[in-house]
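K.L.:
Sequence:
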Amino acid sequence: MIKIKKQNLKLTLLLLSVALVSSACSISTTSLGTSSSSSSSSATEKDASVFLSTDRGDNWRIMTNLISTNGRTASINDINVNIMTMDPQDNLAIYLASYGSGLYYTYNIANGWNSVSTLTTGTINDVKVDPKNKCVLYASATNRLYRSNDCARTWKQVYYDSNTTINVNTIAIDQFNTNIVYIGTSRGEIIKSIDSGESWQTIQRLEEGIARLIISPLDSRLIFLATVKNRIFSFSPLSSTDSSTPIGENNDVLIDKWTDLNNVLADYNLGSSFKDFVICLQDGTMFIATDKLILRSPDNGISWESIKLIQPEKDAVINALAVNPRNSQELYYVTNTTFFRSADGGLTWTMKKLPTKRAGRELLVDFNDPSIIYLGTVKLK
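First residue of the sequence shown? That's 3 in the numbering used here, and the numbers climb one at a time after it.
The set of hints was computed from the structure by calculation and includes no laboratory data. All clues given are correct.
Here are the simulated PhoX-like cross-link-like pairs (lysine-lysine), alpha carbons at most 20 Å apart as the crow flies:
hint, residue 1, residue 2
1, K158, K136
2, K354, K48
3, K354, K310
4, K383, K359
5, K48, K383
6, K294, K354
7, K381, K48
8, K381, K359
9, K294, K310
10, K48, K355
11, K355, K294
12, K294, K231
13, K48, K359
Quick list of the computed label-pair ranges, beta carbon to beta carbon:
hint, residue 1, residue 2, range
14, S308, N151, 41 to 47 Å
15, L240, N338, 40 to 46 Å
16, Y109, T75, 15 to 21 Å
17, R207, D346, 40 to 46 Å
Positions of the beta carbon are idealized from the N, C-alpha and C atoms, including for glycine.
Construct the complete structure from the given sequences, taking the supplied hints into account.
P.N.:
Printed below as a string of structure tokens:
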């Protein structure tokens, strides 16, 4: 009888051990704090394309699991990240535009990424989400712009440049009237649609490519642009953003108050390598980054100040810039090897070695929980 009890005890202990091991492997996908081992791991200088931090960059986790329809384990570890965009209505919905590997999205990064198989598998230059309709997306690739009305299931080409050497570099959607869409090209045009891309008109031409178009989060009638050579301009649409305004022959879709902001920037050596342009959602503070410096403007570009970095300008290699959407004093930037953070507007910085041998390429801060930061990387050449 004693022998039988011992056997039962051993069996019980064995079953308990199995249960404990099984529970340790179980997952929850209801938040970013927990995820499966196949979708994330602690980052100790591993090569991966996307990392997630939930503590403002103190610690990073690899987040590259790719949801597979055939049940096989897959990942986006090896892709090169170009741009990451967050849905303005849903902080868990992230879109990733890659170099040479197409478009990806996730509705919760703890659950993994989805590949958009209905769009090109080449380079995606930009991707934006309609601020009022999360299923309406715009993506640009080479000389074309595409729109999806069904959450990336299908796409319609809504713009095409007959010159195949021209790129549609940047997209901006008016948050007040989302029928209004702007694109900027590598040839230097700003092109506007007031009917969600069904028709277009060029409203300005510059002598150099447009790198970024940004609509002020505080006033959609104020639009900023940066060129590939670090020249900064602002303008206002001439027409009302009321969708009932009729299309006129000229003035209804042209621009007003074109402002050249480069005279006030002449005191700074911006160089010719544009990197980033960010506007804080809370107070409208503007930041521009070149590969060597970061500038800040509190007044829509009327005045600028240089933010002092840890390394001298000649040694700086800035790849991307990010700002806490709720606090313009909280700044981040990334180089080929290092992540930098400031909590006091750039007066002091802390730095941390990147969790990968790849170069930092993109930073994205969660507008709902600014302690959450996404890091995108590219392979070093």
